[in-house]
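Kindly generate the complete structure, drawing on both the sequences and the hints.
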Amino acid sequence: ELKVEQNPLFLSMQEGKNYTIYCNYSTTSDRLYWYRQDPGKSLESLFVLLSNGAVKQEGRLMASLDTKARLSTLHITAAVHDLSATYFCAVDGGNEKLTFGTGTRLTIIP
Amino acid sequence: KAGVTQTPRYLIKTRGQQVTLSCSPISGHRSVSWYQQTPGQGLQFLFEYFSETQRNKGNFPGRFSGRQFSNSRSEMNVSTLELGDSALYLCASSLGDRVHEQYFGPGTRLTVT
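So the protein lines, in turn, are chains E and V. The first sequence lines up with residues 1 to 110 when you count with my numbering. The second sequence lines up with residues 1001 to 1113 when you count with my numbering.
Taking lysine-lysine pairs in the PhoX-like style, the calculated list, with each CA pair at most 25 Å apart, reads:
hint : chain 1 : residue 1 : chain 2 : residue 2
1    : E       : 68        : E       : 97
2    : E       : 97        : V       : 1057
3    : E       : 3         : V       : 1057
4    : E       : 68        : E       : 3
5    : E       : 97        : E       : 41
6    : E       : 56        : E       : 3
7    : E       : 41        : V       : 1013
Calculated from the model, a selection of chain V residues having no Cβ within reach of chain E, i.e. all distances over 10 Å:
hint : residue
8    : 1007
9    : 1008
10   : 1014
11   : 1027
12   : 1079
Now the stretches of chain V that chain E is said to cover, found in silico as 3 or more residues with beta-carbon under 8 Å:
hint : stretch
13   : 1045-1051
14   : 1055-1065
15   : 1096-1110
Since the hints were made in silico from the structure, they are not lab data. Using N, Cα and C, we set each Cβ at its ideal position, and we do this for glycine too.
Encoded structure:
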């Protein structure tokens, strides 16, 4: 059974700082997704990572995938308040079945 | 392009009742997946339909069922509701090719009393 672990679960960081969220998964997969969820809202797609070594960047967020290590990272550069949200990684175990990590609740402190 | 729509957005039911939730995917998307989100269990996969066929199913009891119509719209049914079924139910649509991401609807907030 595919298991997906994210850490940290909670992250408070000051504006302007950099940090990384980690996503580890237990079985082979070459499809990993990052989503953002604001309180009381649905999930917003951030990145689709489809191969080993894939790197995607959008604004202050950059995601990467290492399928050999079964690890994806979401790096936040020079955080701003608007990035406060819960971030989920999700691994495709086959046939569109996504297994989600526990989520990382990110709070950016002015 | 319209996004994924779900109805109703909020629902309050009594234990033992049944409920049907509806999801309309993005035009052109043939895959619809359902997820349950709770504070305790997080986001869990329920099932996925592609061209009216269930392709995958999560580890939920048989009280949870679904179907997909020829226009790709999907419904999810929960019978004999339990208090633990209170959750945000999210549906997601995609092209179903495992290349493109799933787009999520706003969710249906179900409260069982």
